[in-house]
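Grab the two chains, each in its own frame, and use the hints to assemble them into the complex.
Top line first, the protein sequences correspond to chains L and C.
For the first sequence, our numbering assigns the number 1 to the initial residue and increments by one for each residue that follows.
For the second sequence, our numbering assigns the number 1 to the initial residue and increments by one for each residue that follows.
Calculated directly from the structure, the hints in this document are not laboratory data.
Take the hints with a grain of salt, since some may be wrong.
Claimed, not checked - Distance windows between CB atoms, simulated:
hint: 1; chain 1: C; residue 1: Ser47; chain 2: L; residue 2: Lys257; range: 42 to 52 Å
hint: 2; chain 1: C; residue 1: Asp64; chain 2: L; residue 2: Ser63; range: 34 to 44 Å
hint: 3; chain 1: L; residue 1: Asp286; chain 2: C; residue 2: Asp78; range: 51 to 61 Å
hint: 4; chain 1: C; residue 1: Leu58; chain 2: L; residue 2: Leu375; range: 15 to 25 Å
hint: 5; chain 1: C; residue 1: Leu76; chain 2: L; residue 2: Glu288; range: 21 to 31 Å
hint: 6; chain 1: C; residue 1: Val84; chain 2: L; residue 2: Ser7; range: 27 to 37 Å
hint: 7; chain 1: L; residue 1: Asn69; chain 2: C; residue 2: Lys25; range: 51 to 61 Å
hint: 8; chain 1: L; residue 1: Lys334; chain 2: C; residue 2: Asp45; range: 53 to 63 Å
hint: 9; chain 1: L; residue 1: Leu375; chain 2: C; residue 2: Gly57; range: 13 to 23 Å
hint: 10; chain 1: C; residue 1: Pro51; chain 2: L; residue 2: Ser63; range: 51 to 61 Å
hint: 11; chain 1: L; residue 1: Ser366; chain 2: C; residue 2: Thr26; range: 45 to 55 Å
What the hints assert, rightly or not - Straight-line distance between alpha carbons at most 27 Å, and here's what the computed DSS-like set of lysine-lysine pairs gives:
hint: 12; chain 1: C; residue 1: Lys92; chain 2: L; residue 2: Lys334
hint: 13; chain 1: L; residue 1: Lys334; chain 2: C; residue 2: Lys18
hint: 14; chain 1: L; residue 1: Lys94; chain 2: C; residue 2: Lys68
hint: 15; chain 1: L; residue 1: Lys349; chain 2: C; residue 2: Lys25
hint: 16; chain 1: L; residue 1: Lys110; chain 2: C; residue 2: Lys10
hint: 17; chain 1: L; residue 1: Lys393; chain 2: L; residue 2: Lys334
hint: 18; chain 1: L; residue 1: Lys94; chain 2: C; residue 2: Lys25
hint: 19; chain 1: C; residue 1: Lys10; chain 2: L; residue 2: Lys61
hint: 20; chain 1: C; residue 1: Lys68; chain 2: L; residue 2: Lys413
hint: 21; chain 1: L; residue 1: Lys94; chain 2: C; residue 2: Lys18
hint: 22; chain 1: C; residue 1: Lys90; chain 2: L; residue 2: Lys94
hint: 23; chain 1: L; residue 1: Lys19; chain 2: L; residue 2: Lys61
hint: 24; chain 1: L; residue 1: Lys334; chain 2: C; residue 2: Lys13
hint: 25; chain 1: L; residue 1: Lys349; chain 2: C; residue 2: Lys69
hint: 26; chain 1: L; residue 1: Lys282; chain 2: L; residue 2: Lys110
hint: 27; chain 1: C; residue 1: Lys69; chain 2: L; residue 2: Lys243
hint: 28; chain 1: L; residue 1: Lys110; chain 2: C; residue 2: Lys13
hint: 29; chain 1: L; residue 1: Lys349; chain 2: C; residue 2: Lys13
hint: 30; chain 1: C; residue 1: Lys13; chain 2: L; residue 2: Lys53
hint: 31; chain 1: L; residue 1: Lys349; chain 2: C; residue 2: Lys90
hint: 32; chain 1: L; residue 1: Lys110; chain 2: C; residue 2: Lys73
hint: 33; chain 1: C; residue 1: Lys10; chain 2: L; residue 2: Lys349
Beta carbons are placed, not taken as given, at the ideal position from N, Cα and C, and that holds for glycine.
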Amino acid sequence: MDLTDLSIREAHDGLKTKKFAAKELALASLNRIKELDDTLQAFITVCENEAMKKAEVVDKKISEGEKINVLSGIPYSAKDLFCTRGIQTTAGSKILEGFVPPYNASVIEKLENLDAVLMGKNTEDEFGHGISSENTGFKVPRNPIDPTRTAGGSSGGSAAAVKSNEVFFSLGTDTGGSVRQPASMCGIVGLKPSYGRISRYGVIAMASSLDTVGILARNVEDVAYVLENIAGQDRFDATTVPKDVPKYSEKLDLDLKNIRIGMPKEYFTDDLPKDISEVVKKAILDLEKKGAKIQEISLPHTKYGVAVYYIVCPCEVSANMSRYDGIRFGPTIKDPQDLEQMYLENRTKFHPEVKRRIMIGTYALSSGYYDAYYLKAQKVRTLILKDFEEAFKHVDVICCPTAPYTAFKEGEKTSDPLTAYLSDVFTIPASLAGLCSLNMPCGEIDGLPVGMQIIGPQFGEERILGVGAKVL
Amino acid sequence: MALSSDDVRKIAKLARLKLSEEEVKTYSEQMTSVLSYMDILNELDVSNVEPTFQVTGLTNVRRDDEIKKMVEKEDLLDCSNLPVERGQIKVKSVF
Numbered sequence: 001m002d003l004t005d006l007s008i009r010e011a012h013d014g015l016k017t018k019k020f021a022a023k024e025l026a027l028a029s030l031n032r033i034k035e036l037d038d039t040l041q042a043f044i045t046v047c048e049n050e051a052m053k054k055a056e057v058v059d060k061k062i063s064e065g066e067k068i069n070v071l072s073g074i075p076y077s078a079k080d081l082f083c084t085r086g087i088q089t090t091a092g093s094k095i096l097e098g099f100v101p102p103y104n105a106s107v108i109e110k111l112e113n114l115d116a117v118l119m120g121k122n123t124e125d126e127f128g129h130g131i132s133s134e135n136t137g138f139k140v141p142r143n144p145i146d147p148t149r150t151a152g153g154s155s156g157g158s159a160a161a162v163k164s165n166e167v168f169f170s171l172g173t174d175t176g177g178s179v180r181q182p183a184s185m186c187g188i189v190g191l192k193p194s195y196g197r198i199s200r201y202g203v204i205a206m207a208s209s210l211d212t213v214g215i216l217a218r219n220v221e222d223v224a225y226v227l228e229n230i231a232g233q234d235r236f237d238a239t240t241v242p243k244d245v246p247k248y249s250e251k252l253d254l255d256l257k258n259i260r261i262g263m264p265k266e267y268f269t270d271d272l273p274k275d276i277s278e279v280v281k282k283a284i285l286d287l288e289k290k291g292a293k294i295q296e297i298s299l300p301h302t303k304y305g306v307a308v309y310y311i312v313c314p315c316e317v318s319a320n321m322s323r324y325d326g327i328r329f330g331p332t333i334k335d336p337q338d339l340e341q342m343y344l345e346n347r348t349k350f351h352p353e354v355k356r357r358i359m360i361g362t363y364a365l366s367s368g369y370y371d372a373y374y375l376k377a378q379k380v381r382t383l384i385l386k387d388f389e390e391a392f393k394h395v396d397v398i399c400c401p402t403a404p405y406t407a408f409k410e411g412e413k414t415s416d417p418l419t420a421y422l423s424d425v426f427t428i429p430a431s432l433a434g435l436c437s438l439n440m441p442c443g444e445i446d447g448l449p450v451g452m453q454i455i456g457p458q459f460g461e462e463r464i465l466g467v468g469a470k471v472l
Numbered sequence: 001m002a003l004s005s006d007d008v009r010k011i012a013k014l015a016r017l018k019l020s021e022e023e024v025k026t027y028s029e030q031m032t033s034v035l036s037y038m039d040i041l042n043e044l045d046v047s048n049v050e051p052t053f054q055v056t057g058l059t060n061v062r063r064d065d066e067i068k069k070m071v072e073k074e075d076l077l078d079c080s081n082l083p084v085e086r087g088q089i090k091v092k093s094v095f
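Bound conformation, chain C alone (with noise of 0.2 Å):
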């Protein structure tokens, strides 16, 4: 699997990643490397394997819905580092 600049700039857009163009050089590089070590995966049949996405077992864990309040909302609001107004962090417009 060989990883195109190209297809580089297209993986960093959607990651909201600003390369270089020397980064998309060494990404390229160094992702077509790593993916293509993944292929030792090939030699596995897994057509009849279930998937593990979690290893515990536990399953709809649910907690009585008790309000705990933990933070004041202004003291998370004050993490921000841009203005906040009635209650709510003000960015750019999106277009």
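With the rest of the complex left out, here is chain L (with noise of 0.2 Å):
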């Protein structure tokens, strides 16, 4: 039996009737790195002893009869965005090079008070600024069904782990779409959840009203699993809502003759390539043979969302990232003139598209332009936020493409900025809106997963897991 390809309720079963320890576990999971990662570059950090440890605390714990979560003893991995006390955290740039903090992000103290076993720490686009985790200072992962290709980003080293079977779920973040499109292109369940649904605390911002902590795994059910763990309010995290967290993987048998999907026309058009329009239809009528009705929706204001997001994103970062002068942290340079030299030579360290990102967004939010741009993009988020009311009136979910392309190789989509940023077409208005959304893998061409995204309305997250349950 391979330990590292079952789910998380076959290994929390395994765990329970002691059929194999947590360290057994631990050290498959760690086997699978060593093996694969020269390849798969799926990690900046592997942290072998922190991980050896905890799997004996669960081990400890099962022998003495305690009760365990079910994410006990399962091992799992973090973008580098994720604070993580005692263990380096870069956010993928050169600029926090080894800088360890000294606390957890809230969701890292869950699944640390929970006994989850973490493995290490994932490479990504620096800061999650990217389509395909190559704009970093570290490693770029590649993706692990065809390693000449990306994983897709800015997560990209959380689906390399999670497709490759490193980990059995890694966390990531979305703030456009960057855990929806490494899942699509990797082939794995990738969540983003609501807005304000997972604390943000301790992860290292990007850009502060759009970023969500997501969830990726290799079926809805895992998911499910780590959602209900780490999901609810936090005092730290004033953007949480106070709301109940459903017990998820109990409610992912859901009657698809009760739901309506909604097909958006917007996202179906002649600009899509023929072939991912086709296997995506085809997941949405197997669901529809099921008994889901659907239904074509229009959401008008689609094509507005890509300059909508890269005003407000850029703008956001350039205050986020300010931070950011090798002064608390962070690597400094030696023997300075002033302070004025410091911040410049220091912040050197930005990867160009950081940089990039900072600049439109100063211009932007500069005297005499923050109307044209940053409130205008503001009002037209509106308008994307009331396409979306409208849809949800008619239908319960919406179902489209993830990405208008499969797995791509490096510098293929990233060496023009613009190019980039439009990639992120069919992502970014379900984030502008602050709405749930989840990558289902639905079918493959050339050997090349596809992804379907299911959208539902804010808090939906238990109807987008029933309905991806049921996909293929």
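What follows is the structure, encoded as structure tokens:
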């Protein structure tokens, strides 16, 4: 039996019935990382000692007859944006190389208290700025299905680690598609929850009005187990909402007869490659055969999404990146002439894409341009939000492609920034509206996976996971 | 909207970024292209639309003012690569 290939429930049952020990499970995961990661480059840091110690704690609890959580002893990883106490956290950037946080992000703390086993930290686009994890000062993760291609991004290392069974699940972040898109490229399940569902305390910020913590795993039930254990209000993140957290894993058996699926015509245009359109449509028809009702809907402001996002996001980026000055954390130059020179030199460590976003944001927020860019974008954001509100009066979920492409090669979409930005066209609108959305693998083209997005209303996670569980 | 090299230098100064002449040239081209794309928003009349700055609807989130220590001050100071004196990080003079 290959322990790394189990589902979370199977692994949990195995631990409970003492078929295998948590230490064996952690070791299997570690061996997998050692065997594959030279090729896949999914990890910046592997924390072998901490992981083995944690596994021992779980084994001791089991041997003493203590009741354990479904995530106890389960090997997982986190994008290197999550602060982890005593373990280097770089955000994928040289500007934070060597930074060892003295505290855990709230979600890491929760998993720590449940005795989940953190195996390491994943490669990514610096601060989450990208679509292929190429924009980094560290290694670029490769796609386990075809290592000559990227794993997507920005949570590319997380997706590669989960797909290749290096870990059972990984925490990523999704601001404009950074969990859904790499999940789509690697053929796994990726959840971007509603804004405010999961605490972001201790998760290094990119665009604060859009950032969410997402979950990558190999099946819907695994995602549900993780979500129900990490979601909920957090006193340290004022944007988390005071709403009960359902037992998602017990509510996956939904009757599709009660579900109306909307297919937005703005997503299925002539611009969408025909083969991708066919694969996604076939998956939707399959849901219809299983009882769901399908209808065409319209989200008329879809085409403005990218422009809105790439104003709002860089504006918020320019504010969030101002803290990186090499004074309180991160490397700093020796013997600076004065403070100004020190800032300038220290900040040369940013990746060119980060600098670009800081520059666009600084420009759009500068005196005289605020109304023309930031304010205007936030107004159009209202129109995009209203499109969804109107749609959800008629349908329960919206199904569409996650990306208009399959896994691509390094440099293919990233040499020109605007081309890269336009690649987020299908994932951005749900982010702007704060909705939840799930990537489900739904077929393949030339051996490369195609992902379908199931978008739900705010806090409709239960419903999209239920529909996701019925896909193929 | 075309951004000149001088515009780029001015923005870089505001953002405390040191750019090489080559970077100035590249960014002026790339930012011009990205910002021109944003013109698509001018197709819409939004004079009567309220902006959306946040999506949760939460306002004035409060909690009890109880002190819960997560991190010691010394641990935070330890994150800095600069010298620490009397509980503070020492930097070069501003002027």
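Consistency of the hints with the structure:
no. : hint                           : in the structure
1   : C:Ser47 x L:Lys257: 42 to 52 Å : 45 Å, holds
2   : C:Asp64 x L:Ser63: 34 to 44 Å  : 40 Å, holds
3   : L:Asp286 x C:Asp78: 51 to 61 Å : 55 Å, holds
4   : C:Leu58 x L:Leu375: 15 to 25 Å : 22 Å, holds
5   : C:Leu76 x L:Glu288: 21 to 31 Å : 56 Å, violated
6   : C:Val84 x L:Ser7: 27 to 37 Å   : 48 Å, violated
7   : L:Asn69 x C:Lys25: 51 to 61 Å  : 56 Å, holds
8   : L:Lys334 x C:Asp45: 53 to 63 Å : 55 Å, holds
9   : L:Leu375 x C:Gly57: 13 to 23 Å : 20 Å, holds
10  : C:Pro51 x L:Ser63: 51 to 61 Å  : 58 Å, holds
11  : L:Ser366 x C:Thr26: 45 to 55 Å : 20 Å, violated
12  : C:Lys92 x L:Lys334             : 11 Å, holds
13  : L:Lys334 x C:Lys18             : 17 Å, holds
14  : L:Lys94 x C:Lys68              : 32 Å, violated
15  : L:Lys349 x C:Lys25             : 19 Å, holds
16  : L:Lys110 x C:Lys10             : 45 Å, violated
17  : L:Lys393 x L:Lys334            : 60 Å, violated
18  : L:Lys94 x C:Lys25              : 24 Å, holds
19  : C:Lys10 x L:Lys61              : 60 Å, violated
20  : C:Lys68 x L:Lys413             : 47 Å, violated
21  : L:Lys94 x C:Lys18              : 16 Å, holds
22  : C:Lys90 x L:Lys94              : 22 Å, holds
23  : L:Lys19 x L:Lys61              : 15 Å, holds
24  : L:Lys334 x C:Lys13             : 22 Å, holds
25  : L:Lys349 x C:Lys69             : 33 Å, violated
26  : L:Lys282 x L:Lys110            : 39 Å, violated
27  : C:Lys69 x L:Lys243             : 26 Å, holds
28  : L:Lys110 x C:Lys13             : 41 Å, violated
29  : L:Lys349 x C:Lys13             : 16 Å, holds
30  : C:Lys13 x L:Lys53              : 48 Å, violated
31  : L:Lys349 x C:Lys90             : 22 Å, holds
32  : L:Lys110 x C:Lys73             : 23 Å, holds
33  : C:Lys10 x L:Lys349             : 20 Å, holds
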